[in-house]
Amino acid sequence: MKTASQEAFSRPRQGQRINLAPHVAGVVILVILPAFLSSYIQSVMTRFLIFALFAMGYNLAFGCAGLISLGHAAYFGAGGYTIAVIKLHYGSDLFWVGAPLGILVATLVAAMFGIIALRVSGIYFLLVTFALGQLLYSVAWNVSWLNTPGMQGIAGLSLPTVGIAGFTLNTTSFYYLVLLVSLICFYLLFRITNSPFGRAIVGIREGEARMRSLGYNTWLYKYIAFVISGAFAGIAGVLFGYYNYLISPTHLGVGTSFLPMCMAIIGGAGTFLGPVIGAAVIIFVELFASIMTPERWPLILGGLFVLAIMFAREGIGVYLWRLWNKVSHHYGSTKN
Amino acid sequence: MEQFIINLLNGLSYGMVLFMIASGMSVVMGAMNIINLAHGVLYMIGGYVGWTIAVKFGAPFVLGLLAGGLAAGFTGLMLERGFLRHLYKQPNEQVLLTFGFVYILTNLSLWVWGGWPRMPFTAKFLSGSFEILGRAYPKARMATIIIGLVMAIVLWWLQDKTRVGSMVRAGMDNKEMAMGLGINMERVFALVFFVASFIAGLGGVLGAQLLGVYNTLGLEILLLALIVVIVGGVGSVQGALLGGILIGVIDAFGRALFPKLAMFTMYFTMIIILLVRPSGLLGRRV
Amino acid sequence: MKKLIVFFLAILVSASVAFAAPEKPLKIGAILNYTGPAAMLGPLFKNGIVKALEENDNKIAGRPIELIVEDAAGDPSVCLEKARKLVERDKVKIIIGPLMGDAHLAIAPYMANKNVLITTLYCGGIELGKYRNWLTYPTTLVGLTLPLGWYAHDSGYRTMVMITSDYAGGHGFMKGVRMGFEGKGGKVIQEVFVPVGTADFGPYHSTLKDADCVAFFVPNTAESARLIIQYREFGVKMPLLGTTLAADLPEAVMKDLGNNVIGVRGQAAYIWSRDNPVNNQWVKAMEKRFGMTPGGLANNSYCITSAILAALKVTGGDETFSKLWRALVRVQLDTPQGPLSFTPEGFAITDGYIVEAKVIDGKYVWDPIKVYPQVLDPRVAK
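Residue numbers (this note's numbering), protein chains in the order written: chain A, 1 to 336; chain B, 1 to 286; chain C, 1 to 382.
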């Protein structure tokens with residue numbers, strides 16, 4: 001059940017046109033501002049975009065379809081491992097080879113795991129997705145083909161090549177590549193969420209029995225949502241592999257699976273751009289906290305989670321939206 | 001043959017520790033539909049407090065057990081009364097909140113007890129080994145098996161044979177109905193949560209005989225508990241016992257016979273069970 | 001939507017402001033473990049670094065030294081992030097750490113062309129030599145444990161069972177034991193691989209074959225202690241040879257272990273009871289400064305930092321990588337650990353000690369019983 005503010009946030013009402021201006025402004029900022037910042041900040045922004053994408057894709061299954069998955073890192077990691085394996089065993093850095101393959105592998109894994117996981121729901125769904133993620137983790141740990149000799153995981157990854165002679169990507173150009181991919185994906189997700197398919201998914205989350213009585217094949221809808229969400233996680237994973245210079249079994253395990261969930265919840269799982277806000281909050285807070293206090297930073301991060309739940313229950317995105325509304329109404333009324 | 005018995009005993013003793021941690025989590029999940037990711041940290045706090053009492057202050061081991069259980073129990077109660085009570089039907093929020101507490105409580109434990117791991121410890125009369133079929137076997141492990149079985153019987157009795165137990169089970173099936181019958185579900189829930197956390201703390205001290213206590217235990221044991229709950233099924237003491245024993249024994253034999261694949265055997269078992277019976281071996285609901 | 005933009009802007013602006021920093025002093029970065037499985041080691045390593053810096057008044061050639069410490073969190077990915085932060089944002093040219101072998105391998109490709117000096121804290125793999133910007137102290141994984149293999153054979157043992165933690169570091173350390181032992185004519189008849197983070201060694205102890213001795217490596221204190229206790233509980237009688245125990249098990253832990261640890265032997269790069277004027281003085285100074293007897297960890301970071309400072313003295317405070325490296329591989333120091341020098345690829349050449357757990361004057365100590373001087377991994381170029 002959503003409150004009025006969440007409804008307004010997440011999809012346009014009948015006949016209402018989407019207010020494009022703020023979105024365009026946001027995009028412009030993301031394009032222009034980093035050019036003036038150091039390459040270190042650019043790489044932090046890249047990281048933020050990658051996780052925002054991961055969280056947005058995750059939220060298609062989580063927020064829209066109500067599928068509480070605790071194993072999405074499996075698809076994220078699958079994407080990353082694909083490009084890593086291509087680099088390790090075939091020596092190729094080519095983006096146009098690695099990325100599509102990575103997405104394909106991630107989608108296949110999601111398709112397989114989805115069939116197993118969607119046999120149950122609720123808490124069991126959470127447990128099953130967790131189990132499947134851990135299984136993939138232990139496979140990556142043990143199978144020597146998936147490891148650089150001498151360590152767990154694959155090291156020595158680098159920014160991709162794009163096949164243009166003489167042009168190599170650096171931090172800045174990679175940031176823009178990631179930005180481009182993210183914007184395309186956000187747009188695709190927006191179209192999916194606001195299509196009849198998307199509305200059906202939300203309907204299934206809010207009342208599956210009702211949708212079934214209306215003739216919908218609810219299992220199929222949930223499955224497709226799950227697989228698409230896995231595909232987007234795979235895209236994020238591919239980008240992450242390039243960004244991180246290293247992919248390890250941790251990126252398949254529950255520690256990484258938690259991240260998009262936390263980001264979506266903190267930012268507001270019922271809202272479209274909530275996960276992006278959540279990603280920004282978590283990444284920047286974690287950064288600041290661990291710089292300020294290398295020993296006690298988990299207290300700050302944990303405290304943030306607790307406070308967010310207790311005081312901004314529907315997500316920081318919604319909290320800020322309400323705050324904004326309050327402020328603008330206040331000023332609006334004084335003008336009159 | 002003796003090798004088989006030794007492996008079996010290893011599996012059972014480890015399995016009992018798993019049972020202790022998983023039973024609380026499973027019952028809370030089943031009765032209150034609460035996902036408490038901080039359950040593993042409660043186990044760890046129990047272990048640390050038990051160590052402080054039994055080793056640092058040299059008090060009898062039983063006191064350490066009690067202290068560990070109480071410390072975990074009250075921490076859990078604080079968690080439930082202060083925070084989880086407001087989040088009853090919201091699994092998302094529960095996940096994030098309890099995860100936040102994992103961070104907080106783990107770091108606080110690091111602060112209080114420092115990063116040095118605590119060695120396995122046990123009661124004076126339980127240290128040393130006795131002879132089984134010509135091989136030495138630690139007394140403490142034998143005691144763990146016995147204590148675990150006793151706890152299992154007590155909990156099963158509580159669940160199936162007492163008024164409180166039937167109230168909990170009624171609440172599991174239909175909370176509104178139970179409340180309509182005049183049962184104060186709030187109090188019942190608080191009690192259940194306290195008992196579950198107490199058992200986790202107790203498990204922490206018992207498990208410390210085998211594993212010691214250290215600051216990454218919180219998450220490690222949580223993962224194991226989740227696996228046991230998946231295998232045994234949500235909501236029942238029997239499920240946690242069966243799951244714990246199964247996982248413990250498979251793990252022990254796996255390590256002895258296929259050392260390279262140890263982690264794998266556990267996850268593999270879990271997946272097989274999931275494919276065959278998604279709600280676990282003795283799960284209450286499908 | 002507007003609040004989104006405001007929110008974004010706020011974060012970006014505060015981030016840029018926070019990150020803008022002047023850079024005049026000589027910056028040294030350190031990646032140490034403050035959270036995670038090796039959480040207790042971070043402060044110990046830091047002590048060694050701090051002591052070396054303080055001995056130089058926190059200055060070198062007139063430039064003040066600024067130490068920037070980051071948490072490795074026991075995760076190679078995090079180490080990589082921190083390394084990037086140190087190199088790209090803080091613009092350091094010298095990084096001390098990280099500790100873990102897999103973190104080394106994760107960071108090495110990134111660090112390869114950054115012209116930054118980076119060190120290990122407790123051995124590194126032989127692969128680090130080819131990058132020529134790693135200081136591998138006290139030696140390679142193999143070099144550390146070769147003396148234990150030699151010692152086992154010198155003690156009359158001819159067969160051995162090995163318990164090896166199943167990851168790169170574990171394989172590396174035990175390979176040294178095997179090379180040392182079999183190189184002198186011994187035979188390893190069984191190697192049992194235990195997963196990292198094994199809680200319960202019971203199942204493994206129950207399967208050990210009969211040999212003259214058992215050698216083991218597990219990656220941290222908790223596991224070492226559990227392994228030893230469970231070894232005794234299961235009544236295994238073979239002599240036990242640990243590898244990195246003297247660094248892993250300080251006095252407090254040894255006391256906890258009690259009789260279980262007496263008689264266990266291991267090797268150590270450093271042992272505080274080494275009777276030598278330089279060492280005796282250093283131990284006293286460390287006890288006065290930090291209130292506790294220094295162990296191998298503080299010693300390692302102290303010696304590494306001292307070597308770097310010695311090289312910086314030669315270059316006159318110039319931290320340009322090529323100059324620094326050239327000076328560093330020529331450094332020869334008399335450290336509390338023993339004489340120290342380096343190979344052209346940055347591998348340290350140090351003495352190796354064999355120690356035995358004993359109770360002396362009511363205190364649990366690791367007593368040095370043998371020295372193997374100037375140990376060098378045979379695969380390393382001189």
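Hints listed in this document are in silico derivations from the structure and should not be mistaken for laboratory results.
Since the structure is predicted, the reported quantities are computational estimates derived from the model, not experimental observations.
Among the hints, erroneous ones may be present.
Capping the alpha-carbon separation at 27 Å, the derived lysine-lysine pairs in BS3-like fashion look like this [said to hold, decoys possible]:
1. B:K124 <-> C:K358
2. B:K139 <-> C:K255
3. C:K237 <-> B:K124
Query raised in the report: Honestly, which of those hints from before does the structure not fit?
Result: none
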